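Start from the sequences, fold in the hints, and give me the full structure.
There are 2 protein chains.
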Amino acid sequence: MHVLNQNRLRPVSFSNVVINDAFWSPRIKVNREQTIPHQYKQCKETGRIDAFKLDWKQGMDNEPHIFWDSDVAKWIEAASYSLATHPDPELDRLVDEVIELIASAQQEDGYLNIYFSVVKPGMRWTDLRDAHELYCAGHLIEAGVAHYEATRKRTLLEVVCKYADHIDSVFGREEGKLRGYCGHQEIELALIKLYHATGEERYLKLSQYFIDERGQKPHYFELEKKDSTGYFEDIMRYMDNLKEYNQSHKPVREQSKVVGHSVRAMYMYTAMAELAGETGDASLLEACERLWEHLHLKNMFITGGIGSTGKNEGFTFDYDLPNETSYAETCASIGLVFWNHRMLQLECESKYADAIERALFNGVISGVSLDGKKFFYANPLASVGDRHRKEWFGCACCPPNIARLLASLGGYIYSQSPDDIIVHQYIEGEAIINIHGQQVKIGQKGNYPWDGHLTFLLGLEHEDKFGLKLRIPGWCKNAELKVNHERVNILQNMDKGYVYLERLWKDGDIIELDLSMPIEKVYSHPNVRQNVHHTAIQRGPIVYCIESADNMEHLQRVMLPNDANLTAIYDESLLGGVVKILGDAEVLDSHQWENSLYRTEKPTSRPYQITAIPYYAWDNRESGQMRVWIPEKE
Amino acid sequence: MHVLNQNRLRPVSFSNVVINDAFWSPRIKVNREQTIPHQYKQCKETGRIDAFKLDWKQGMDNEPHIFWDSDVAKWIEAASYSLATHPDPELDRLVDEVIELIASAQQEDGYLNIYFSVVKPGMRWTDLRDAHELYCAGHLIEAGVAHYEATRKRTLLEVVCKYADHIDSVFGREEGKLRGYCGHQEIELALIKLYHATGEERYLKLSQYFIDERGQKPHYFELEKKDSTGYFEDIMRYMDNLKEYNQSHKPVREQSKVVGHSVRAMYMYTAMAELAGETGDASLLEACERLWEHLHLKNMFITGGIGSTGKNEGFTFDYDLPNETSYAETCASIGLVFWNHRMLQLECESKYADAIERALFNGVISGVSLDGKKFFYANPLASVGDRHRKEWFGCACCPPNIARLLASLGGYIYSQSPDDIIVHQYIEGEAIINIHGQQVKIGQKGNYPWDGHLTFLLGLEHEDKFGLKLRIPGWCKNAELKVNHERVNILQNMDKGYVYLERLWKDGDIIELDLSMPIEKVYSHPNVRQNVHHTAIQRGPIVYCIESADNMEHLQRVMLPNDANLTAIYDESLLGGVVKILGDAEVLDSHQWENSLYRTEKPTSRPYQITAIPYYAWDNRESGQMRVWIPEKE
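As you go down the protein sequences, you meet chains A and B in turn. Just so you know, we're using full-length UniProt numbering here: the first sequence kicks off at 1 and counts up by one. Just so you know, we're using full-length UniProt numbering here: the second sequence kicks off at 1 and counts up by one.
Treat the hints with care, as some may be off.
BS3-like cross-link-like pairs, simulated, lysine-lysine; straight-line CA separation at most 30 Å [stated by the list, open to error]:
id : chain 1 : residue 1 : chain 2 : residue 2
1  : A       : K633      : B       : K602
2  : B       : K580      : B       : K390
3  : A       : K477      : B       : K602
4  : B       : K496      : A       : K602
5  : B       : K602      : A       : K257
6  : A       : K243      : B       : K311
No wet-lab data here; the hints were simulated from the structure. Remember, predicted model here, so these are calculated numbers, not experimental data.
Printed below as a string of structure tokens:
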């Protein structure tokens, strides 16, 4: 039996962190100034907000969709995080207005759901498998908590508490209650947040019930669908394994392989990890560890994208990582960040923070355009020119998901334990962390991810002995560390991927970390059939791609010689400022091929200079092809 | 303006050809003894045959499907061809019985269609785009002609003439007629066959009307679907271009690119080519030539498979030839054979016969298992182990299509003109061809496709001067020819890919053709992004694949070194007797990869002996992976 780490970390809240970072601050600004208003506009124009008026009637146009509540809730959550770090009376007012509308939609008994109030009244809780009812509730709860924590206003919090109380009265093992759970996990992690915000243990227990009950026999969805079909029956018909699709194929503690819909999986694992921490249930952590290995060692794209096919919006089989048809939903990479963030508090191992970094710098922010107004739902690793971000989606989960993550990014940088400060992510700015009753200031300076030189400055009112942990990223093979300009031996101070400095710190102490950041060529496990003989370019945490805009139309003709000379150059005018990589590549000739599709003569090649850009920045210029994995020529 | 060749060839009918070939005869036997009875059983058990009783009523199970008539018709066609070369009283009786049932389903006015008689009575000709009504008529007509030609019985022929007369009274440009055409081309080519069988010019004209009217404005399907939806509306919604899907986006003479559903395209081009020959309409031939180039130079798999995606069961964009998801429908490759066979009679160029050979030996016969009872609908070029032939399909077009092709294979071997005999395909046996009033016998001997040595023996009652053309296959780089043991210079006698021997022939003349048949490594055009850095093995007309059954589970790890030593060995115990290819390959190691999915160290490799088998024979043993294109190591 795994012994649960008693010294669980606590993340440092984003409200104690100021980000002042050349890479992230402009993104957060765009998120605040463009994305959040854009999403409000979309929610408003598509009727999602006014749907809370519950005045839709059968026969009217624009029937409310089962997901609509969650889109608005995630927008409120994003807006709230933004208000916490950047007060904005106008946005504050807008949020209040929307909350008022939501509150007005709450039924006497606490129930709150647009679709089942106006489209299918009287049908509450009859389609847990497909209809996303508890999922929407979960997002409303997350919004209520975020709004309360950002503004200290209890308006939405009280609404969602009342709703959660109602849900608690409906679901459970007690006589007369429904012994069900949601087809799309989400409420489980939301209820833990609500527990943290309110201290009400019933919410934690309800979350635990949902997690524990999942996959038990008799199987709830089997019973539910015995005499009825679900909202997505026509889609579900094409699923090979419906129970795996929503991870209810086994009780969660018996699960070892990531299966099914990837966002559902991530949200569930997030709740499992957090419950493990809250309850000390090592069996949940063990399941998480097995699932983590299976995901990260066999089923994750190099960008931190997950989900190999759009068919089930999820996992297929080990090492199946197709490039053009990768699903890699933005929401799934965000869920990966959530889950790893919870794991990191349980076990301070750099692999979790590495996974967060991989996703953040690649498969998450690829989900939004540089101007903040267009979004990828799926994030393919190659395109023949037909994949583009869109302003909105009928099922609009991804846009507000990335908005809420960017608005709360500060919360992913640091953790603390009673005696330690841990730096997981390298993002410039400052944090205030209470250690031994003292508000310790820690400042980060650098030009990450373009440069590996980082400086940390401590601000203390009085000297104190505590530990400082700095992550040595998995991609980094050589690092140097100095404390107050004196070299420290990193290797002798390593602890699960972090360099650990325990000493008497004083005000003005300077720590310098130098992470060597050469351009690397990366290879996939030989079982990834799509990438055999291919290589990807990575520098620091940034995964690169080649795009037609900088190169040629037919990118598949480009090959990277084994010994290709690659050069990194910062180009401030390119894509908001990026380190681009120039390389001596080769390109296949086609001039002898005019009259053949197949020949016994091998295609010849000629030298060709390629330009690679960070993957996250693709599809921000003219339309064209893109690929991350490039054929390698020996 | 292209000048249409005045000396159009005539194919030598399969009834004048005896096949006695080590490769094909066992297949034709299996087709006769297993496949045709198996398909009768399937048609019977699924209710397709009894549906002609028209006793299905609303509310009953097993609602007749819009394709059912065509499945039974194609079975009759296959059975008839078989009867022509292998009389079988029992089969003859069975065919008569089915024909009697079909005849009983014919309405007073000649109309004959199960679905629109019992499921949608009163709705005749209201859904030409989707409902396959004229398509089914076309297959009934082909069956009627085949049955008549095989047995000289007029039972079904008269039924279909009456039906064709009815169709002729309904469709056309005359006042009061419907100015429509079928969403799934087929009747066009069938009506030309009916014209040939009966001499009735109205059938030719009706075919021409359908071809000429297609894609004209106002667009018939636009008018038809103004106030109604089609049978496949839910599928059609996902089509990017509905008019391209059924090749009605432009008048046929203006078409230059193969688009849409590949079987529809092939059947249409077949009719266009034949009409060009019948009417001397060079503009139709020119369109065919443009389309031919576009298909064969940019959109054909190496197996002769066509159709790059299941989405539209058809074409996507140039050079998009995915391996695992290739559609390559068996019917489409058969349609490719039909079309090329018509082109070959118009222009005796080896490229057409080469295309037939490529499809026949690879993507067509891969469609049926060695035991004759299981069928591929799609013929992928790679499989991760999940693709298997099935006994039958809800939409069962492919199984009887391959049965009718195999039963009439003799018709694809020879053509003649008044003064020439042309040998297109190398299949052992004998043909009787009337030249200058004399029944010339031509015998073929050899062990094709395993061996390139071929012997032709002429049998004449008296000496005569005529031409003999033998195809030098496109895959062959060295050939030798002897007439009566005397070497003939091939190069000086080449005519569009055929060696042409015009002389005074006498009884007993022997022609020996030696086609050098080394193992070749084949490469794709550099624009085929799926095959960059990959090679396929081909020997003679046979495309090879590697299968897990002979090799390892994870085939993607196999690489073929540039200078790999490859050896061809005939193995009579393998897959009914094949030349297998052994090769010194390499295989990627994974033992350093236990804990990584991505690394900066390139995977190492070790020597590995591979066995390749003919592509057509894959998936006849235990389940496993398969691939045609193998990564090449320089």
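Practice prompt. Below or equal to 30 Å on CA atoms is what counts here, so check K496 (chain B) against K602 (chain A).
Written response: 25 Å, holds
Discussion item. Next pair to validate is K580 (chain B) with K390 (chain B); report whether the Cα-Cα distance is within 30 Å.
Written reply: 25 Å, holds
Worksheet item: Has the given pair, K633 (chain A) with K602 (chain B), been kept, meaning a C-alpha gap of at most 30 Å?
Response: 12 Å, holds
Worksheet item: Has the given pair, K477 (chain A) with K602 (chain B), been kept, meaning a C-alpha gap of at most 30 Å?
Response: Given that 30 Å is the threshold and the Cα spacing comes to 16 Å, the pair holds.
Worksheet item: Does K243 (chain A) pair with K311 (chain B) here, judged by a C-alpha cut-off of 30 Å?
Response: 26 Å, holds
Worksheet entry | Hinted pair K602 (chain B) and K257 (chain A), Cα distance within 30 Å | 27 Å, holds
Checked against the numbered hints listed earlier, the structure breaks none of them; every hint is satisfied.
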